[in-house]
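Add chains A and W to chain S, keeping to what the hints say.
Protein chains in written order, with my numbering: chain S, 1 to 510; chain A, 511 to 1112; chain W, 1113 to 1373.
Hints should not be assumed to be uniformly reliable.
Computed list of chain W residues with no C-beta within reach of chain A, every gap over 10 Å [said to hold, decoys possible]: (1) A1252; (2) E1255; (3) P1260; (4) E1303; (5) L1317.
A partial selection of chain W residues facing chain S, derived with a Cβ cut-off under 7 Å [to be verified]: (6) T1199; (7) N1200; (8) D1201; (9) L1202; (10) R1203.
Worth flagging that the hints you see were computed from the coordinates, not collected in a lab.
Backbone N, C-alpha and C fix where the C-beta goes; we use that ideal spot for every residue, glycine too.
This is what each chain is made of:
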Amino acid sequence: MSDTPTSTSEKVLSARPPLWRDIVIIKWVTQVFLLVVVLTALWFLTSQAGDNLKARSISADFNFIERPVDIQLSEGIDTHPDSGGRALWVGMVNTIRISLIGIIFATILGVIVGLARLSNNWLVRRLATIWVETLRNIPLLVQIIFFFSILTVLPRVSLETGPINGWFHISNKGISMPRVFLADGFYQWLVVVLIGAAVSYFVYKKRKRIHDETGADTSPVLWALGVVALFGILGIFIHPIFSWVGSIFGALASLFDSLPILAPQLLLCALSVGLASTWIIRFIRKNRSARGHLSLVDDDWFRIIFTAAVSVAFIVLFVRWTGFSSWILNSGRDLFEVIESKFNVDGAARPFDAMRPDIVQPGKFPNYGSSGLTMSISFAAVFFGVVFYTSAFIGENVRGGILAVPKGQIEAANAVGLKRSHALRHIILPQAFRVILPPTGNQYLNLTKNTSLAIAVGYSDIVQVGTTVFNQTGKTLPVVGIWMLFYLSCSLTISVIVNWFNVRMQLVER
Amino acid sequence: MSDFNVTGAEGTVSIKPPPETPKLPPRLWIKENLFSSPFNIFLTVASTGILLILGRGLLSFIFSHERQWGSTATNLRLLMTQAYPEEQYMRVWVCVGVIFTLTGLSMAVWNAGSRVALRRLGSFLLSTGVVIDILTLLAPFSSSATIIWLCVGTGISLFGGSLVKFSDEDKTMSVLTVTVIALAVAILSLWVVPYGHHSFVFERTPRSLAEAGTVALTTKLPWTIMLLIGIAAYFAGKAIREKVSQNVLRVSVLTIWFLAPPALLYLVLRDPDFDMGHVLNTDIPIFLVFAAVGAGLLFWLTRPTAGELGKVIAAITLLIGFGSFLTPMRMIIRILILLLAIFAISAPTFAGDTQTRRRYSLGWIGVSGVTCWLVTAINTPSTVEVPGSFFIGGVSLTLLIAIFTIVISFPLGILLALGRTSTMPIFRILCTWFIEFVRGIPLITILIFFSIMFPMFLPKEMEIGEVASIVIGYSLFSSAYLAENVRGGLQSVTRGQHEAADAVGMTTPQKTLFIVLPQALRVSIPPLVSHCIGVFKETSLLAIIGLFDILYIARNVIPNQTEFLGSVRENLLFVCLIYWILSYQMSKASQRLERRVGLGER
Amino acid sequence: MNETNNETSTGSNRDLSNAADMIVCENVSKWYGDFQALDEVSATIKEQEVVVVLGPSGSGKSTWIRCINRLEQHQEGRIEVDGIELTNDLRNIEKVRSEVGMVFQQFNLFPHLKVIDNVTLAPIWVRKKPKVEAQEQAIALLERVGIPEQADKYPGQLSGGQQQRVAIARALAMEPRIMLFDEPTSALDPEMIKEVLDVMKELALSGMTMMVVTHEVGFAKEVADRIIFMDEGQIVEIGTPETFFTDPVEERSKLFLSQIL
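Next comes chain S alone, as it looks inside the complex:
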């Protein structure tokens, strides 16, 4: 019985129970069975959908992206998009725009609301409570529509009234204000600023080191910001010297153009093999003891086999589906060509430009011209809706986070003689921020998703544009697919950013 380890494991294998009583086998058979059931159900549903669509002679392809459509959008970077893809792109930009602005304002308002909830002033506290309890308990959509219905009864635009002082104008067509926009020279200027950012990084390190060594107050952040600003101002005058940057991207574009389809295929296959084998190797290494003994139970073997199978499936997919690889090549080439064209401008072009709003009368009714920055009432309704609504939730997070800092922390800060501002900055805020951040990140996600309610008031976000597109072309499934991809990437981006901060906060804490 006192055999060597190898023969003992053989003994365990020989004592293998019948298959239907082996827990590992039962576990994996159940899982694979469920997987098969789920896949069969999906296959069944999609094949039914295929049949049904065919019966109605609708096809579910993506060629509407290229085809011209007859869509007029209320606002966006391009109100008369020439193709379905372009229209959806305008919708995406609109969604991103309102989400970003909304996140910024909701954060500011939310912090104010949260602090007001903790104020020593009874009236302020009450006001904040009413704000939170009212907004939280009314559906966002109802709020958006309510704001919209109020905004629609604003006075009409007319040529007689004109913009207020030539700067602002408010009417039922929206709010018009002066606009600062990116002009042709912007991308060259951006290169200068990026160089400035790199320089400022080193300046920051340097000032920080001086602070650490001498203890002098060197304010590294201010210095770094100053350097960036300096380069920004400098860039306005010297940016044309970077017009050659475009040729780099041109070269990249022609490289993508000349590559055979095999290249991305090989790359993707290598990637999937690489990922799978890295995972397997890591897994095995994790299970290998210091003495080099490998202890894998049957369950672990199944995991390894499953991973390998998945990677093989992906390889088959990449090899069979050449369209994906050629899509990568084409879009890579297009991307770099577009970037190249951005640099290919007149040397004297300014990076920025500004214009004041105007009112024009192209047809029967006067409307805002294109020179000002116009916020339509749809935009305003969605904007106020999501900002107010989210501010109530963020306010509650802020309140909870500050309340979560133990009283002892504040007492300890006082005990070591920290100044109030320092106690706030170094003791309370970091700890409160750590509690506030994760739920607030969630609220940012919600805000982004909630901008989809814009469809109710006709703001041209991606859902509204998508609905128009599939109503015209009948391509519902592809459009829904694009929506989902878009929102998933937005969610992913936000969670990556929030997680990055989260990890940093936890490092700060230690």
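The following block gives chains A and W in isolation, referenced to the frame of chain S:
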């Protein structure tokens, strides 16, 4: 900004909010809370200004002569039930009555309702009265209306003040009694005050508009009866509680609550026109065969000694269930075979002595009976004739969809949460992907997809209504969020509990059912309730896809009636009010529940 | 608390040479990643024997005892309980678990169930006993551990010592042939340790096969038939209480004893 966190004078950082109830003498309290520092004085003045401007604006909007409140009053029935026919309206009241009865019963059975000190009640009334007075002075009332409202406000204040002054320190009153009194006062006032007076008469089909008169006139009798029914049910529940064992009573009341939504919808509201011949010839025989065969099989399978043969038979039933999709047969038979397979697979978990086995078999008969009835009722045409897509709308539709979504997504969400915390990698990956995918996309895209595309994914012979497909989509959406809430609870169950259950030899299903889930669900009650509030609020999105919910009616239907052109804002405000009252009450109730369960604040 | 008032009392002095083997461990090894928790542990425990496992914390005592009813899975070697080998066989695991009762350091009572339901749950759903019978047995067991009056309370309402006695009753309700104790008194206040140890002593005298991981030297001296001393995942020394406590062979045992006595 610093004033919020840091008090000026002492240099100490005060984070906890000061107590809400004034304990100091009034003069000192005002000084302390409103005018303690220059910045504080500024805040007080500023917020008073904001309050005055907002209050004045809101009130002058509401009481302006341009407002067409008649559009809301006249269309109340439309807002509540859309075009549900007038002559069948009794059915709606029956539903309300059943809900009141069940509420009264549950209150008695669970011994609900904490007690509130009379003094607190008094100070609440006092401040309410003062608020009414202030609002009255702000509002653009005629002088007679101002006097009436001032009298009402002062009266309430005086009553509250006398309660504070003359009641004992420790005298309390049941919250339930307070609620019933408040409801009774509101309902009695229907008999006195002609709320919702309107004088519009028109010829319109369907006759969804009220006749000339008052809203109070038509609803005072039903509401009075409802209140009496609720009180009667409460006392009946108290009486029953004395005689029947606690557990049996609770389980049966819960079962009735669970069965109430489908029963009310399919039996009462929809008034299905059962084809008795078909029911007798096909449906009942199918049910009887399955009930008998299934009960026998399950009684045998739950023998403690059934062992591996039982598992093999259960697996075979499951395979037959899946195989039944390959050959044409009635959907009900497929569903019943699959249900039976689920019961058979879980039989070893519930094996035991004769009594347990009998109960399990009876459970099967009950479940299969309800399933058969439900399938039959769903497939039976309704006798309630309503033009348009769905026979009911307005608030009823909102509640209906919210309740069905919650009921369906509950088991789904629990399964997803179990899958996500499972040790089996494929289950975990599938559930995680599903949850994260659904949580990453907005509800409206799912609703649009399901309302347009879902029927396409079904076999040609299957038809599904728009409302049903939306409920399915909404349930899938809701289940992903619910799963995350339940997962939080599951993770709070300690490892020791799992080990203890393993050590006494429980199987994984037994461990999950008897040990893990009861503890996990108890912990997740507060997030689950707020999830339910969220589901209720987000039913407003149905308006976007064109269902006649309350928001759609208020925004797109009433403002287009020739009598009330452009009366959007009035009706939207009314919708806000309804949503606010319902969700605010629910969130308050959940806070009370949280305190009662004893979880405390986190 | 645990000083021995009776220096000469050593074990129960039963003759176990003819008794059958209850637990057989052969070269049992287990790793947690790089860390080797058990290193070729081999030992045999006979029927009605009371074995106390001693050792510094982190020495693998708990891991070993948890491998015996497969709360943890050993990776090498074999474990046989009452002639049933512990493999991936579902039936064997079920059998072993129904023969082995376990008491945990943290009690692990089910907080949402009354004491009586804690005790009857497993007999009803695992042993498939009728409810009435299970309840009668549960009352009898609660009497045996000295707390019949607490049957209708919830675990949260009991003291630590009472909770641990309920846990013992819960394990006994499955009518096990072996009882495993994983530091049953470590989470208790000093004044409650005795009431639990008394119950365990009574159990040992009634002829139960027991394996006890504990730091209670007094209990070990009084009740144990054998002492197993572990360190760094290995069994260092096996001996009777008299020889182990008075005249340990190994250096590590001496060091350990000098620290705790």
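Verification of the supplied hints:
1. A1252: The claim stands: W:A1252 keeps its Cβ more than 10 Å from every Cβ of chain A (closest is about 18 Å).
2. E1255: holds, 20 Å
3. P1260: Holds: least Cβ distance 21 Å, greater than 10 Å.
4. E1303: holds, 24 Å
5. L1317: holds, 24 Å
6. T1199: Hint on W:T1199: holds, closest Cβ of chain S at ~5 Å, below 7 Å.
7. N1200: With a closest approach of 5 Å, the W:N1200 hint holds.
8. D1201: Hint on W:D1201: holds, closest Cβ of chain S at ~3 Å, below 7 Å.
9. L1202: Holds: closest Cβ of chain S sits about 5 Å from W:L1202, inside 7 Å.
10. R1203: Since chain S brings a Cβ to about 5 Å from W:R1203, closer than 7 Å, the hint holds.
Comparing the model with each earlier hint shows no violations; every hint is respected.
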